[in-house]
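Enquirer: Those protein sequence lines, which keep their order, are chains A and B.
Adding 31 to a residue's 1-based position in the first sequence gives its number in this note's numbering.
Adding 1276 to a residue's 1-based position in the second sequence gives its number in this note's numbering.
Keep in mind that the hints were calculated from the coordinates and are not lab data.
Don't take each hint at face value.
[Claimed, not checked] Partial chain A-side listing against chain B, Cβ under 7 angstroms, derived:
no., residue
1, Gln-72
2, Gly-73
3, Pro-74
4, Val-132
5, Thr-134
6, Phe-137
7, Gly-138
8, Pro-139
9, Gly-140
All values reported here derive from a predicted model rather than from experimental measurement.
Ideal placement from N, C-alpha and C gives every residue a C-beta, glycine not left out.
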Amino acid sequence: EAGVAQSPRYKIIEKRQSVAFWCNPISGHATLYWYQQILGQGPKLLIQFQNNGVVDDSQLPKDRFSAERLKGVDSTLKIQPAKLEDSAVYLCASSLEGAFVDTQYFGPGTRLTVL
Amino acid sequence: AQSVTQLGSHVSVSEGALVLLRCNYSSSVPPYLFWYVQYPNQGLQLLLKYTSAATLVKGINGFEAEFKKSETSFHLTKPSAHMSDAAEYFCAVKANSKLTFGKGITLSVRP
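Please build the complete structure, drawing on both the sequences and the hints.
Expert: Given below as structure tokens:
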């Protein structure tokens, strides 16, 4: 079974530029999550999708971050404009239905450096 | 609200020694608890999870954890460390549908 795919793996940009990350979840998984992992901290949930609808985006900085999941499969996360504090690893995860007992499976992440 | 506390940021053990990584949680409702491992430049991989069945949970790679409600703890143990166990370990709590992670502990294994 193929795992969660993410691209690119690494990205370096200047502050105020824009950047986009892509995620393809495990086939058949209805729920998709985007996490931000700052160095030395645990992952923090940014947004959760159930199929192509948003379940939770309470911690997404909506003035600069946006995410979409067209057709309920793959997803993109965009930052525009980027700030220095956005430097982090962005992890995508998916689970079967988003039920309480579901296991979340994580992709390898995209490491973003903002200069 | 829910939270996870992982005291310390780094644990070092000798190969063959006991591994003990501590995790304490706070939750207003009965929680589900998880341990994830992250190897360098990789995503998180589930080691084990507690979902209100047996309090002693066995996971992959010889790890296990015991849920102690009275102590609000879910410590991770392995009887004998192997070099390949060197990684970062995250404890997480799930209550009210959201998964909340601790800040992680880096495990080093000395030959």
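Enquirer: Could you run down the list of hints and mark each one as holding or not?
Expert: So, going through the hints one by one against the coordinates:
1. Gln-72: 5 angstroms, holds
2. Gly-73: 3 angstroms, holds
3. Pro-74: Holds, because the Cβ-Cβ distance from A/Pro-74 to chain B comes to roughly 5 angstroms (cut-off 7 angstroms).
4. Val-132: 5 angstroms, holds
5. Thr-134: 5 angstroms, holds
6. Phe-137: 4 angstroms, holds
7. Gly-138: Constraint on A/Gly-138 satisfied, holds at 5 angstroms.
8. Pro-139: 5 angstroms, holds
9. Gly-140: Because about 6 angstroms separates A/Gly-140 from the closest Cβ in chain B, which is inside the 7 angstroms limit, the hint holds.
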